[in-house]
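Following the hints, put chains B and C in place on chain A, whose structure we already have.
Residue numbers (the UniProt record's numbering), protein chains in the order written: chain A, 1 to 219; chain B, 1 to 548; chain C, 1 to 113.
The hints are simulated quantities; they were obtained by calculation from the structure and are not laboratory data. C-beta atoms are modelled at their ideal positions from N, C-alpha and C, and glycine is treated no differently. There could be a bad hint or two in this list.
What the hints assert, rightly or not - These stretches of chain B come out as covered by chain A in the derived footprint (C-beta under 8 Å, 3 or more residues):
#: 1; region: 107-119
#: 2; region: 191-205
#: 3; region: 217-228
#: 4; region: 237-250
What follows is the residue order along each chain.
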Amino acid sequence: MSEAPLDQVHLEPQYATARQQAETAALGMWVFLATEVLFFGGMLFAYTYLRATFPEGFAEAARETHVVIGTINTVVLLTSSFTMAWAVHAAEHDRRRATALLLAATALLGLLFLGLKGLEYYKEWQEGVVPGLNFHKDGPNAHVAAMFYYLYFMLTGVHGVHVTIGIGLVALMAVRAWRGGFSARYFTPVEVTGLYWHFVDLVWIFLYPLIYLAGRSGP
Amino acid sequence: MTTATFTGKAEQPTRGAQASYLTAEGFTLRSWLLTKDHKRIAILYTISITLFFFVGGAAATLIRFNLVTPPGLFQPDTYNRLFTMHGIVMVWFFLIPSIPTTMGNFLIPLMIGAKDLAFPRLNLLSWYLFVIAGVLGLVAIFAGGVDTGWTFYTPFSTMYSNGYVVLALAAVFVSGFSSILTGLNFIVSIHRLRAPGLTWYRLPVFCWSNYATALILVLATPILAITLALVAVERLLKVGIFDPALGGDPLLFQHLFWFYSHPAVYIMILPGFGVISEIVPCFARKPLFGYKFVVWSSIAIAGIGFFVWAHHMFVAGISLYAGLVFSLLSYIIAVPSAIKVFNWTATLHKGWISFDAPMLYALGFIGLFTIGGLTGLFVANLAFDVHATDTYFVVAHFHYIMVGGMVSAYFGGLHYWWPKITGRLYPEWWARIAAILIFFGFNLTFFPQFILGYLGMQRRYASYPPEFQIWNVLSSAGASILAVGYALPLFYLGWSLWRGKKAGPNPWAATGLEWRTPSPPPPHNFDVTPTVTRPPYQYRPDPEPQDV
Amino acid sequence: MRGADAGLGRPPRALVLTWLALLGLVALTLGLAYVPLGRMGIVVALAIAAVKAGLVVTLFMKLFRGPVLARVAAGAGLFWLAILFSLAATDYLARNDAATGNFSLPTGREGSR
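In isolation and in its complexed conformation, chain A is listed as follows (with noise of 0.2 Å):
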């Protein structure tokens, strides 16, 4: 954070100082973040059970993943928390115009993750391996793959609500930037939306060598 003074504009009364205020919002969202470890946790606890109790069920499911496109969401997933961490830079250092762009590129680097995601979501119903509606696998596993599915659809699932929550705060910060609401004396909301844009990528970390690299090398 830099040592500007910051506005008192958007004071509130509860605060004393604008930085007081500012390093709070901050840390409301790092203790917001504490919660999402845990609400991931619970699944990924789930996950890591059931792996160790079907390790031949889970490496052959995951190993019908796609990977291809796994690995293209991770890369644009990354690029956009890059383009995010430039945001907050520019933000920072009073170049509006480039906040506003850079928060505008990470949104659509969103959209281009949702909308890879729904083209894997789709190839893998024409496949017939969504548990519960459109699954068709048989053989000794197909119950453990079933479930490698269910966890599947359900992580990624609420990531993509989580991106798609995401997408819409970041686009809203790329609106209020554009129109000069932001500066290098108040850009608290850019940096706590810019928080909750990682940690989502954070979890998208994880879940890459989980679901689309578990059972790759053969039995």
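Chains B and C only, in chain A's frame:
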């Protein structure tokens, strides 16, 4: 700023025309529904949870009606829905929000000398989420109910139950986010908004214990939320990871559920500890004995509370070794709880004790919580738990803590801070009568259940062998006394809103920043941010710092 | 107010390097996934993920330049998750136990004990 004096005769500020939070924003419904004032949001919460308290209470009444005769009055299916409704409503719509969202919301900013919580909009959002959750829950109940019990155990909840399970799950899911936002607000506010001079060790214990509660709210609730979401999808699509028929593991559900729900029982008692730690020094006119031990035992309970969850699963098929580990850890958590009881007792020693209604509730709390806590040690013991699991012994144990403890603390706190919240005094004698009725009614209701459980009566059955009838009749008789005790405050507190005597800023001559502002407080609590120069509870030698 | 409308400007070097490192790690973990490492495969994959997460947290989110409390909050999330994993493991690792006759899921491995 007024300066409170020992005699409690401090006067309202001379500019008596200054508007309080009740009047400043106007009287319209809109001004209440869109308010960002933590005090008004606390009032909104109080109204909501009072409603749910009586909904859950109605279910409890019907349960006790049913159990008067061995065959039971209701069909077993109806009975299942009744106790489920009682459990879900009381746990998630009364006990968990009870003290934090009402007194916590109202008092934490006052106690830390702040003008509001850190995120007022989030606070209002939290109430709206609670209302949405409440409506979902009520729809589930009145559409036909749920028969899973409040624990939603799989595979019954996912495959066999024929109630409105998904709706109830959605209700609890949404209420979870309401809790998380409240907890987040408390943690951040207590860290960042304390008044000058208000160091951590000058913080009232009420703030500490709500802080400890908030830690649990923020770190445990998300696990519940995601687990219930998994259950809901499993029920809707008949695929999942909890049903053994699908290859899953029901114990996986139980691990995740109790990872939240055991810490959640500390959500349902820690704020009570905070209230009692405020009331006891005030009515014994002594500083709280062992302040640091009391605050750190709160934090310890919040922490250790996460290490004991599988003691709910001793007979569910977990590994014997895990059972040993969790049994041992469960004993450890009794230590900080006992520290608190010892400290309250030591505070009473040689105190100038007065028996006003809040103190009666507090004394009741200490006794009932001690019984509840000690019987908790019984059931933490592996061998005894095999005998007591799913019997009325367990029911009595947790009601002693949650009802005897938390509800007593809730009523104690409500009376103690009523003058601050409303600006009116409640009728003392009526309040004492209610407190005593509740204490005796409670014991008559729940003590027989220890005996029933020990004799082997299982919980969650609509009928029972005839030899248990005498104890059940006693319990139901107690419940009717309890019902009167709980209904009384509704009348006399309601009456006091219009007819009660005006309360000064500090009717109890208590310490603490909340008593240094008018009753009811102005919209932004303090005209001048107060400065704190000494530790809390300085009732001796002179009660209230005059050096403000 | 220098360059309020001066286009994107040049991204800070640290951010670019972080981004490139992240992409490199993606390539590395993808490549290693096809190498038969046996049980070490998942360990390696998660270790690389942890390094990536560390880069994001440190250089994008600037966790270690902010207030200490933010670090405590982030650490608490991870610590509490660790409680869930480790204490539940006391059950799952000791579950299929011939001495107590305690078996949960049919994994096909019970007979080998």
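Hints, one by one, checked against the model:
1. For the region 107-119 of chain B, the stated coverage by chain A is satisfied: 7 residues place a CB nearer than 8 Å to a CB of that chain, which reaches the threshold of 3.
2. Counting residues of the region 191-205 of chain B whose C-beta lies closer than 8 Å to any C-beta of chain A gives 3; at least three are required, and the coverage claim holds.
3. Closer than 8 Å: that is the beta-carbon criterion, and the region 217-228 of chain B has 9 residues meeting it against chain A, so the requirement of 3 holds.
4. Residues of the region 237-250 of chain B lying with their CB closer than 8 Å to a CB of chain A number 9, which satisfies the three-residue condition for coverage.
No hint from the list above goes unmet by this structure.
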